[in-house]
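In the order they appear, the protein sequences are chains A and B. Here the first sequence is numbered in this note's numbering, starting from 7 and rising by one per residue. Here the second sequence is numbered in this note's numbering, starting from 14 and rising by one per residue.
Any given hint could be a false lead.
[Unchecked claim] Straight-line alpha carbon distances no greater than 20 Å define the calculated SDA-like cross-link-like pairs of lysine to any residue that follow:
1. Lys54(B) <-> Leu24(B)
2. Lys79(B) <-> Pro226(A)
3. Lys79(B) <-> Ala67(A)
4. Lys79(B) <-> His224(A)
5. Lys79(B) <-> Pro62(A)
6. Lys111(B) <-> Leu49(B)
7. Lys40(A) <-> Ser95(B)
8. Lys54(B) <-> Ile26(B)
9. Lys40(A) <-> Leu39(B)
10. Lys86(A) <-> Glu193(A)
11. Lys79(B) <-> Gly91(B)
12. Lys40(A) <-> Val94(B)
13. Lys79(B) <-> Glu193(A)
14. Lys54(B) <-> Val94(B)
15. Lys40(A) <-> Leu49(B)
16. Lys79(B) <-> Val208(A)
17. Lys40(A) <-> Val89(A)
18. Lys79(B) <-> Lys40(A)
19. Lys40(A) <-> Ile98(B)
20. Lys40(A) <-> Arg105(B)
21. Lys79(B) <-> Val210(A)
22. Lys40(A) <-> Leu25(A)
23. Lys40(A) <-> Ile45(B)
24. Lys79(B) <-> Val57(A)
25. Lys86(A) <-> Val208(A)
26. Lys79(B) <-> Leu54(A)
27. Lys40(A) <-> Ala102(B)
28. Lys79(B) <-> Leu207(A)
29. Lys40(A) <-> Ile107(B)
30. Lys40(A) <-> Thr36(B)
31. Lys111(B) <-> Pro43(B)
32. Lys281(A) <-> Ile295(A)
33. Lys40(A) <-> Gly101(B)
[To be verified] Label-pair distances were calculated between CB atoms; the ranges are:
34. Leu37(B) <-> Ala47(A): 12 to 20 Å
35. Asn96(B) <-> Ser184(A): 34 to 42 Å
36. Leu10(A) <-> Ile83(B): 22 to 30 Å
37. Glu72(B) <-> Leu39(A): 39 to 47 Å
38. Leu10(A) <-> Lys111(B): 12 to 20 Å
39. Ile107(B) <-> Tyr27(A): 24 to 32 Å
40. Asp167(A) <-> Gln104(B): 44 to 52 Å
FYI, nobody ran anything at the bench for these hints, they're computed from the structure. Treat the numbers as computed from the prediction; the structure is a model and nothing was measured. Virtual Cβ for every residue (Gly too), placed ideally from N, Cα, C.
The lines below spell out each chain.
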Amino acid sequence: METLTLLALSFDALLNLSLLYLAWILLNCEDLLKAIVLFVAFGLLMALAWVRLDAPDVALAEAAIGAGLTGALLLTALAKLRVIETNKGTTQQLKQDSENFQTLHYMTPLALLLVAIGLGYVVFSMPPISAGLSNDVATNMGNSGVSHSVTAVLLNFRGYDTLLEMFVLLVSLLGVWSFGSTTSQHETTPGPVLDTLTRRLVPVLILVAAYLLWVGAHAPGGAFQAGSVLAAAGVLLLLMGWRPGGYLSTLPFRLILVAGPGLFAITAALLYLLKGQLLAFPVEYAGIIIFALETTATLSIAVILAALFLSEPPHSDKEHI
Amino acid sequence: MTLIDYLSTILLIAGALFFLAGTLGLLRFPDIYTRLHALTKADNVGLGLIVIGLALQSESLASAGKLILIWLLVMFAGASVSNLIASGALQRGIRLWKR
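Next up, chain A with everything else stripped away, as it sits in the complex (with noise of 0.2 Å):
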């Protein structure tokens, strides 16, 4: 058992200098790529150390957004600012822009210490052991609808909370797409190998988001693992050249868009009309309305996280050039 104790620590302090270490040859390093491919593997270790801290849940998360959606979304925004720079050459904004950069680099670092301070004093206020609230979670998991405390609280006890990141989500993409775009909206064909890896793996990858999504009521899983997993197939078919367009690029992706946050904030305000309350659950029907709403939000995330990484909406056939 002693050994035991040793190996997980010298484990843990062993990732947690990596993870250091990790993160300022990424902040130094001068070649964007080679710094995007160092986050995608800090994201790695990070889901890794989520893992130490007993949190699979968060784990998920960092793996599949952290380190894999954001990771392919900051390749494809390095490759449509090589395309950038070399078709408009405006060598003279961008030493200008690099200049106004030089000073937010001497910013960042006060900033961020003044945020560990901040966040270092309110660790070193807490009292050393507490239960927090997981005393108050477990006498409430009955009346939750579910059976996994983690889902109970982000869908339940703290609802809002995953009502206000779709919320942010849409705004991500309304924002990306209000910036314009290149992306190329023409189909194209991929080679042989590309093009069976992607049919073979996106009926997979569609089945794993299932699966992520129903176990979230009772083990590690939900809306955002299993609509990130969703995203990655739709990614990798847009990786293969496949484009939306025809009935997907219209009302139907739209309504698709924001069913998730509109389901939930109509959720929101009946239960306000009819108990007084925002998103008080009534407890017979909790588990049913918290998987109308996992779904829903799934569906939303992936379509949201995919549309970013195509970063333009999708025309219909006519407004094609």
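With chain A's structure known, arrange chain B on it following the hints.
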């Protein structure tokens, strides 16, 4: 320790050795193609050994099945991505290493 414990210990250690060899190859081999070759040893054999070692310890057939599914998916994705990286490197005109 039972026989199964010994067996899975041996498999896990063997898997870790394959990962070590793959990592060494990734760091020390001369060009991208040979490095990919080294990585496949860790991904396919190393992970396979570790998965079998863990599957022997799993409580149910379902969790053993999930572990093996992960192995199959990693092999499938790894083989495809290695091919994509290598053909991308060839297209960019990265030469093969010669002694």
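The hints, checked one at a time:
At roughly 15 Å between alpha-carbon atoms, Lys54(B) and Leu24(B) fall within 20 Å of each other, so this suggested pair holds. Restraint check for Lys79(B) and Pro226(A): the C-alpha separation of about 15 Å stays at or below 20 Å, so the hint holds. For a cut-off of 20 Å, the pair hint linking Lys79(B) to Ala67(A) stands: about 19 Å separates their Cα positions. For the proposed pair Lys79(B) and His224(A), the alpha carbon gap of about 18 Å is at most 20 Å, so the pair holds.
Pair hint Lys79(B) plus Pro62(A) holds up; C-alpha atoms about 16 Å apart against a cutoff of 20 Å. Taking the CA atoms of Lys111(B) and Leu49(B), the gap is near 16 Å; set against the 20 Å cutoff, the hint holds. About 18 Å separates the Cα atoms of Lys40(A) and Ser95(B), which keeps this hinted pair within 20 Å; it holds. For the hint pairing Lys54(B) with Ile26(B), the CA-to-CA distance comes to about 15 Å; that is within 20 Å, so the pair holds.
Proposed proximity of Lys40(A) and Leu39(B) is supported: the alpha carbons are some 16 Å apart, at most 20 Å. Restraint check for Lys86(A) and Glu193(A): satisfied, since their Cα atoms lie roughly 17 Å apart, inside the 20 Å limit. Restraint check for Lys79(B) and Gly91(B): satisfied, since their Cα atoms lie roughly 18 Å apart, inside the 20 Å limit. Taken as a hint, the Lys40(A) and Val94(B) pair is honoured in the structure, with Cα atoms around 18 Å apart against an allowance of 20 Å.
Our distance criterion of 20 Å between C-alpha atoms is broken by Lys79(B) and Glu193(A), whose separation comes to about 35 Å. Using a Cα cut-off of 20 Å, the hinted pair Lys54(B) and Val94(B) holds, with the two alpha carbons roughly 14 Å apart. At roughly 18 Å between alpha-carbon atoms, Lys40(A) and Leu49(B) fall within 20 Å of each other, so this suggested pair holds. For the given pair, Lys79(B) sits about 18 Å from Val208(A) by alpha-carbon distance, which is consistent with the 20 Å threshold.
Of the supplied pair hints, the one linking Lys40(A) and Val89(A) holds, its CA atoms being roughly 18 Å apart against a limit of 20 Å. Our distance criterion of 20 Å between C-alpha atoms is broken by Lys79(B) and Lys40(A), whose separation comes to about 33 Å. Of the pairs offered as hints, the one joining Lys40(A) and Ile98(B) holds, with about 16 Å between alpha carbons and a cut-off of 20 Å not exceeded. Between Lys40(A) and Arg105(B), the direct Cα distance comes to roughly 18 Å. Compliance with the 20 Å bound is thereby established for this hinted pair.
Among the hinted pairs, Lys79(B) with Val210(A) is consistent with the structure: their alpha-carbon atoms are about 13 Å apart, no more than 20 Å. Annotation: proposed proximity of Lys40(A) to Leu25(A) holds, straight-line Cα distance about 16 Å (limit 20 Å). Our distance criterion of 20 Å between C-alpha atoms is met by Lys40(A) and Ile45(B), whose separation comes to about 16 Å. For the given pair, Lys79(B) sits about 18 Å from Val57(A) by alpha-carbon distance, which is consistent with the 20 Å threshold.
Restraint check for Lys86(A) and Val208(A): the C-alpha separation of about 25 Å exceeds 20 Å, so the hint is violated. With a CA separation close to 19 Å, the supplied pair Lys79(B) and Leu54(A) stays within the 20 Å bound. For the hint linking Lys40(A) to Ala102(B), the alpha-carbon distance of about 17 Å falls within 20 Å, and the restraint holds. Pair hint Lys79(B) plus Leu207(A) holds up; C-alpha atoms about 16 Å apart against a cutoff of 20 Å.
In summary, the hint linking Lys40(A) to Ile107(B) is supported, as the alpha carbons are separated by about 18 Å, within the 20 Å threshold. Proximity of Lys40(A) to Thr36(B) is assessed by CA-CA distance (about 18 Å); at most 20 Å being required, the pair is judged to hold. A hinted pair counts as satisfied when its Cα atoms are at most 20 Å apart, and Lys111(B) with Pro43(B) qualifies at roughly 9 Å. At most 20 Å may separate the alpha-carbon atoms for a hinted pair to count; Lys281(A) and Ile295(A) meet this at roughly 15 Å.
At roughly 17 Å between alpha-carbon atoms, Lys40(A) and Gly101(B) fall within 20 Å of each other, so this suggested pair holds. A beta carbon spacing of about 18 Å between Leu37(B) and Ala47(A) agrees with the range 12 to 20 Å that was offered as a hint. Look at Asn96(B) against Ser184(A): about 39 Å separates their beta carbons, and that is inside 34 to 42 Å. A C-beta distance of roughly 25 Å is found between Leu10(A) and Ile83(B), which places it inside the suggested range of 22 to 30 Å.
One distance hint, 39 to 47 Å for the beta-carbon pair Glu72(B) and Leu39(A), holds here, with the actual separation near 43 Å. Distance hint check: the CB atoms of Leu10(A) and Lys111(B) are about 49 Å apart, inconsistent with the given range 12 to 20 Å. Evaluation of the 24 to 32 Å hint for Ile107(B) and Tyr27(A) yields a pass: the beta carbon distance comes to about 29 Å. The hinted range of 44 to 52 Å is satisfied by Asp167(A) and Gln104(B), whose Cβ atoms lie roughly 47 Å apart.
Figure legend: structure checked against the earlier numbered hints; hints not met, in rising order: 13, 18, 25 and 38.
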